[in-house]
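**Student:** Residue numbering for the sequence shown is 1 to 171, as defined by our numbering.
Honestly, the hints are just simulated from the structure, not real lab data.
Just so you know, even glycine gets a beta-carbon here, dropped at the ideal spot from N, CA and C.
Errors might be hidden in some of the hints.
[Unchecked claim] Pairwise CB distance ranges (calculated):
#1 Asn160 <-> Gly55: 30 to 40 angstroms
#2 Thr40 <-> Gln69: 15 to 25 angstroms
#3 Arg84 <-> Val147: 14 to 24 angstroms
[What the hints assert, rightly or not] As a list, the in silico EDC-like pairs of lysine to aspartate or glutamate whose alpha-carbon atoms are at most 16 angstroms apart:
#4 Lys30 <-> Glu85
#5 Lys30 <-> Glu66
#6 Lys156 <-> Glu24
#7 Lys127 <-> Glu105
#8 Lys30 <-> Glu53
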Amino acid sequence: MRNVFLVGPMGAGKSTIGRLLAKELHYPFKDSDREIEARTGADIPWIFDVEGEEGFRQREEAMISELVQERGIVLATGGGVVMREANRRALASNGLVVYLRTSVEQQLQRTAKDRQRPLLQTADPEKVLRELMERREPLYREIAHLVIDTDQRGPKVVVNTIVAQLERESD
Numbered sequence: 001m002r003n004v005f006l007v008g009p010m011g012a013g014k015s016t017i018g019r020l021l022a023k024e025l026h027y028p029f030k031d032s033d034r035e036i037e038a039r040t041g042a043d044i045p046w047i048f049d050v051e052g053e054e055g056f057r058q059r060e061e062a063m064i065s066e067l068v069q070e071r072g073i074v075l076a077t078g079g080g081v082v083m084r085e086a087n088r089r090a091l092a093s094n095g096l097v098v099y100l101r102t103s104v105e106q107q108l109q110r111t112a113k114d115r116q117r118p119l120l121q122t123a124d125p126e127k128v129l130r131e132l133m134e135r136r137e138p139l140y141r142e143i144a145h146l147v148i149d150t151d152q153r154g155p156k157v158v159v160n161t162i163v164a165q166l167e168r169e170s171d
């Protein structure tokens with residue numbers, strides 16, 4: 001029962017693909033952001049407003065540390081999870097890390113109407129996404145055991161690719 005951790009930028013499809021993958025593998029599905037919300041009783045934008053990004057990142061690190069101890073889960077992480085070394089270490093050493101890669105253009109399309117993304121509540125979300133990608137892309141790659149491009153690919157195709165990789169590894 002190997003854990004599968006999904007990393008990548010917002011809009012890459014981590015939650016959607018994670019749910020489908022968990023169903024396919026018969027694993028429980030976890031989403032670190034939803035787990036934080038359930039634990040705190042507050043949504044992510046509220047946590048950002050009240051505690052700032054640093055407060056949120058502290059909560060996220062504690063949650064990741066806890067979740068990676070479970071066995072046989074599919075975990076969708078937040079886009080910024082890789083910004084902390086402790087998170088990168090915890091994910092890379094406790095399961096298969098799948099980097100769901102996507103273009104900034106695709107991110108813009110997928111997040112255009114989403115008001116639950118605090119970092120995009122700005123006049124120029126494209127600029128923010130490009131800056132985030134520049135900082136985070138090398139970190140996603142650093143810990144990824146598998147990189148899958150999600151642009152123009154349906155979630156089921158991506159899930160099948162991950163399952164095939166897991167089957168190859170278990171042979």
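**Student:** Next step is simple, just say for each hint if it's right about the structure.
**Tutor:** Hints, verified against the model:
no.	hint	in the structure
1	Asn160 <-> Gly55: 30 to 40 angstroms	38 angstroms, holds
2	Thr40 <-> Gln69: 15 to 25 angstroms	20 angstroms, holds
3	Arg84 <-> Val147: 14 to 24 angstroms	21 angstroms, holds
4	Lys30 <-> Glu85	21 angstroms, violated
5	Lys30 <-> Glu66	12 angstroms, holds
6	Lys156 <-> Glu24	10 angstroms, holds
7	Lys127 <-> Glu105	11 angstroms, holds
8	Lys30 <-> Glu53	22 angstroms, violated
Hints 4, 8 from the earlier list are contradicted by this structure; the remaining hints agree with it.
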